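Q: Residue numbers (our numbering), protein chains in the order written: chain D, 1 to 101; chain F, 1 to 504; chain G, 1 to 121.
FYI, nobody ran anything at the bench for these hints, they're computed from the structure. It is possible that some hints are incorrect.
As the list claims (entries may be wrong) - List time: in silico SDA-like cross-link candidates among lysine to any residue, alpha-carbon distance up to 25 Å: (1) F:41 - G:118; (2) G:115 - G:103; (3) F:41 - G:107; (4) G:115 - F:116; (5) F:41 - F:119; (6) F:41 - F:116; (7) F:205 - D:60; (8) F:502 - F:73; (9) G:115 - F:33; (10) F:41 - G:111; (11) F:41 - G:106; (12) G:115 - D:85; (13) F:205 - F:14; (14) G:115 - F:43; (15) G:115 - F:30; (16) G:115 - F:118; (17) G:115 - F:49; (18) G:115 - F:36; (19) F:41 - G:112; (20) F:41 - G:109; (21) G:115 - F:121; (22) G:115 - D:72; (23) F:502 - G:94; (24) G:115 - G:77; (25) G:115 - F:165; (26) F:205 - D:5; (27) F:502 - F:70; (28) G:115 - F:166; (29) G:115 - D:71; (30) F:502 - F:208; (31) F:502 - F:83; (32) F:41 - G:115; (33) G:115 - D:75; (34) F:502 - F:200; (35) F:502 - F:63; (36) G:115 - D:86; (37) F:205 - F:288; (38) F:205 - D:54; (39) F:205 - D:65; (40) F:205 - F:74.
None of the values given here were measured: they were computed from a predicted structure.
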Amino acid sequence: MDVGASWYLVLAAMIFAIGALGLMVRRNPLVMFMCIELMLNAVNLTFVTFSRELNDIGGQVIVFFVLVVAAAEVTVGLGIIVAILRRRPGITADDVSALKG
Amino acid sequence: MIAQVQAMSTPDVAWSALAPLLALVGGALVLLLVSTLTTAKPPRGAYAIITVLAAVFAIGSAMAIWDRVTDPSQGPYAAVAGALSIDGFTVFLTIVIAVGVALAAMLCDDYLRREGLDGPELYVLLLLAAAGGLVMAMANDLIVLFLGLESLSIALYVAAGFHRRRASSREAAMKYFVLGAFSSAFLLYGIALVYGATGSTNLVKISAFLSHNVLEREGLLLAGFALLLVGLGFKVSAVPFHVWTPDVYQGAPTPVTAFMASASKAAAFAALLRVFVTTFYAQRVDWQPLIAGLAVATLVVGAVLAIVQSDVKRMMAYSSISHAGFILVGVQVASARGTSSALFYLLAYTFLIVGTFGVATVVGRRGDAAHAITDYRGLGSRRPGLALVFTVFLLAQAGVPLTTGFLAKFYVINAAVEARSYWLAIVAMLSAVVSAFLYLRVVVAMYMSEPGAAADADGRLQIPAGAGIALALAVAFTLVVGVVPDRVAHWADRAVPVLTDKAG
Amino acid sequence: MSEFLRAYLTVAVFAAFAGLLIAGVLGLSRLIRPNRPTPQKLLTYESGVDPVGSGFSQSQVRYYIFALLFVMFDVEAVFIFPWAMRLELYQVFGLVEMAVFIVILVFGLVYAWRKGVLRWV
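Start from the sequences, fold in the hints, and give me the full structure.
A: As structure tokens, then:
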């Protein structure tokens with residue numbers, strides 16, 4: 001069976017959707033965090049697929065930048081989440097809701 | 001393969017064009033390094049002064065290239081191998097963002113001492129965020145745009161949670177982080193789809209490709225548009241992507257809120273203008289209805305929900321959403337007139353909102369918590385000067401003539417009428433009427449009701465020097481430009497973005 | 001079988017041989033040694049110290065800060081590899097640019113150091 005570029009694009013779209021859905025449905029901050037990573041990596045897969053299909057190295061270079069940005073987001077995000085978890089262990093996103101109106 | 005190595009042509013670094021960016025990043029690095037390596041306590045306000053100097057230097061060096069880029073014989077150019085585009089638009093937004101960071105730094109100075117958080121970190125974060133915003137305004141390539149957006153956002157996630165002892169500040173940081181990361185993933189996916197449809201992330205190449213080719217897979221490009229709009233819509237807090245705005249604006253330290261509402265919003269609109277209005281101009285029938293829809297929802301929801309708030313910071317968050325609706329009206333017009341009206345709005349709004357949150361910083365007192373509308377009761381008799389300044393900002397936001405707020409709204413609606421978007425102009429005017437009510441509500445609380453029992457419990461409100469200067473500058477700009485707007489409006493007219501890959 | 005797969009066959013043979021060797025030696029020793037367990041013998045070996053609590057425990061926050069620093073600086077290296085592969089192509093310009101990049105990273109490290117993050121408490 002021939003696995004063409006569109007298969008990869010569909011797979012990436014599905015992973016992206018899983019990540020987006022997971023972020024909206026799950027309430028554990030760390031799982032929400034993993035969902036964000038899932039979304040970013042789905043985009044990476046899209047970039048690499050297009051890069052190969054267009055025969056343009058640019059798309060693969062972009063993946064480098066996205067990886068670094070994702071790492072920076074991880075560092076900052078984990079810092080924020082741990083700052084909250086430290087004071088109130090076992091918290092879920094629903095409990096962080098003093099601000100509303 | 002290794003045998004025949006030839007030196008590659010390296011990108012020409014246009015120092016004059018990069019000077020504003022280098023000033024901000026350099027200021028941040030100097031602050032960080034000097035403050036960590038010296039053990040002596042710095043003189044009062046030294047961090048804020050360095051930050052303001054960096055911002056002033058950025059403004060000065062941006063103005064220095066204004067004549068060159070607006071001169072028809074030389075014109076705009078692309079720097080650093082076509083990654084950044086240097087035109088009047090870049091210069092104008094550099095000034096808007098640098099003004100935002102300078103005024104916010106003045107507010108930070110006393111705020112940090114009052115809250116016992118003194119240190120260089122917040123200034124470093126604000127400077128780096130401003131540098132990211134600058135990169136967004138200059139970006140000539142979608143990936144550069146993404147990197148600028150991330151530098152802006154990541155610095156602001158931390159800044160939002162900077163008041164680490166306050167639970168609401170930590171909560172704001174977490175909400176901002178989760179929703180911000182969510183939106184940037186959408187933006188990135190949009191970039192990927194546009195790249196797939198056009199074969200490049202460079203705005204000049206994308207525009208050239210779209211004008212010379214008929215797309216086989218138009219669906220890909222349209223999906224890319226939609227995702228880019230979602231991502232940027234989050235950043236400008238357009239309805240229905242606004243849910244983070246009230247919580248984050250309310251929970252974040254007030255000077256940081258001032259920065260978010262001014263510089264961060266300006267950078268996001270810069271991206272929207274350069275990507276959609278300039279690059280995808282030929283496809284405007286595809287995206288104009290989307291932005292018009294966003295604008296209507298934003299105008300209505302922002303104005304209506306602002307009325308029912310009892311917390312002034314939260315109320316201003318909703319009002320900033322409705323202001324974003326006005327700017328979106330200018331964006332959807334998709335003409336030079338619309339763009340320059342949006343630019344004028346951004347500059348005017350930067351001074352207005354920093355001033356508004358500046359007053360909130362002062363009234364918030366120790367703990368940064370006294371933001372209920374009842375805390376403003378009787379301010380007119382307790383601190384007449386402060387109340388008067390706040391009245392100016394509120395009336396200007398409501399759009400009272402002789403202020404920049406009125407002119408900003410007038411230019412935007414004028415551009416919409418010229419483009420025959422009559423119904424959009426009508427919605428904008430109705431929204432202005434509705435939101436006038438909420439500004440008046442605060443004014444009434446200040447002048448026509450007695451101060452609450454707790455109001456004078458911890459003494460008279462002090463107006464610190466830094467905040468005082470910031471408020472004075474903001475009031476002066478609002479009134480002076482409100483009366484004689486010609487020069488600033490003329491600058492905004494010449495600051496329309498241009499696509500070019502001409503080396504400088 | 002293609003040349004490509006043949007190369008992997010060698011690896012597979014080596015892996016199988018290594019597995020057999022370990023299984024053989026351990027199995028043989030199990031067959032010929034006496035087996036008299038005592039509670040002392042069943043304890044987990046912890047460098048001669050008596051283990052306390054179960055194997056699962058929450059790790060200290062200080063490990064996590066090291067981990068974050070590591071992630072950050074580790075990922076930045078992704079920019080250095082492509083540059084190092086083509087060092088002679090970019091010549092002095094590339095060298096200066098990379099020096100600027102690394103100096104900025106060092107600023108971050110200096111900040112972490114002065115804040116006491118690198119000290120093992």
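Q: Now look at each hint and say whether the structure bears it out.
A: Hints versus structure:
1. F:41 - G:118: holds (23 Å)
2. G:115 - G:103: holds (18 Å)
3. F:41 - G:107: holds (20 Å)
4. G:115 - F:116: holds (18 Å)
5. F:41 - F:119: holds (10 Å)
6. F:41 - F:116: holds (14 Å)
7. F:205 - D:60: Distance ~18 Å between residue 205 of chain F and residue 60 of chain D Cα, so the pair holds.
8. F:502 - F:73: holds (13 Å)
9. G:115 - F:33: Distance of about 12 Å is within 25 Å: holds.
10. F:41 - G:111: holds (17 Å)
11. F:41 - G:106: holds (23 Å)
12. G:115 - D:85: holds (22 Å)
13. F:205 - F:14: Since the Cα atoms of residue 205 of chain F and residue 14 of chain F sit roughly 21 Å apart, the hinted pair holds (cutoff 25 Å).
14. G:115 - F:43: Holds, because 21 Å separates the two Cα atoms, which is no more than 25 Å.
15. G:115 - F:30: OK: residue 115 of chain G and residue 30 of chain F at ~16 Å, within 25 Å.
16. G:115 - F:118: holds (15 Å)
17. G:115 - F:49: holds (23 Å)
18. G:115 - F:36: The hint holds at about 8 Å.
19. F:41 - G:112: holds (19 Å)
20. F:41 - G:109: holds (22 Å)
21. G:115 - F:121: Satisfied, since the Cα-Cα distance of roughly 12 Å is no more than 25 Å.
22. G:115 - D:72: holds (19 Å)
23. F:502 - G:94: holds (23 Å)
24. G:115 - G:77: holds (23 Å)
25. G:115 - F:165: With Cα atoms ~19 Å apart, residue 115 of chain G and residue 165 of chain F stay inside 25 Å; holds.
26. F:205 - D:5: Status holds; Cα separation ~23 Å.
27. F:502 - F:70: holds (15 Å)
28. G:115 - F:166: Measuring from Cα to Cα gives roughly 22 Å; hence the hint holds.
29. G:115 - D:71: Holds, at roughly 21 Å.
30. F:502 - F:208: holds (14 Å)
31. F:502 - F:83: The given pair, whose Cα atoms are some 11 Å apart, holds under the 25 Å limit.
32. F:41 - G:115: holds (15 Å)
33. G:115 - D:75: holds (17 Å)
34. F:502 - F:200: holds (17 Å)
35. F:502 - F:63: Distance ~21 Å between residue 502 of chain F and residue 63 of chain F Cα, so the pair holds.
36. G:115 - D:86: holds (20 Å)
37. F:205 - F:288: Since the Cα atoms of residue 205 of chain F and residue 288 of chain F sit roughly 22 Å apart, the hinted pair holds (cutoff 25 Å).
38. F:205 - D:54: holds (14 Å)
39. F:205 - D:65: Holds - the C-alpha atoms of residue 65 of chain D and residue 205 of chain F are around 20 Å apart, at most 25 Å.
40. F:205 - F:74: holds (21 Å)
Hint violations for this structure: none, all hints satisfied.
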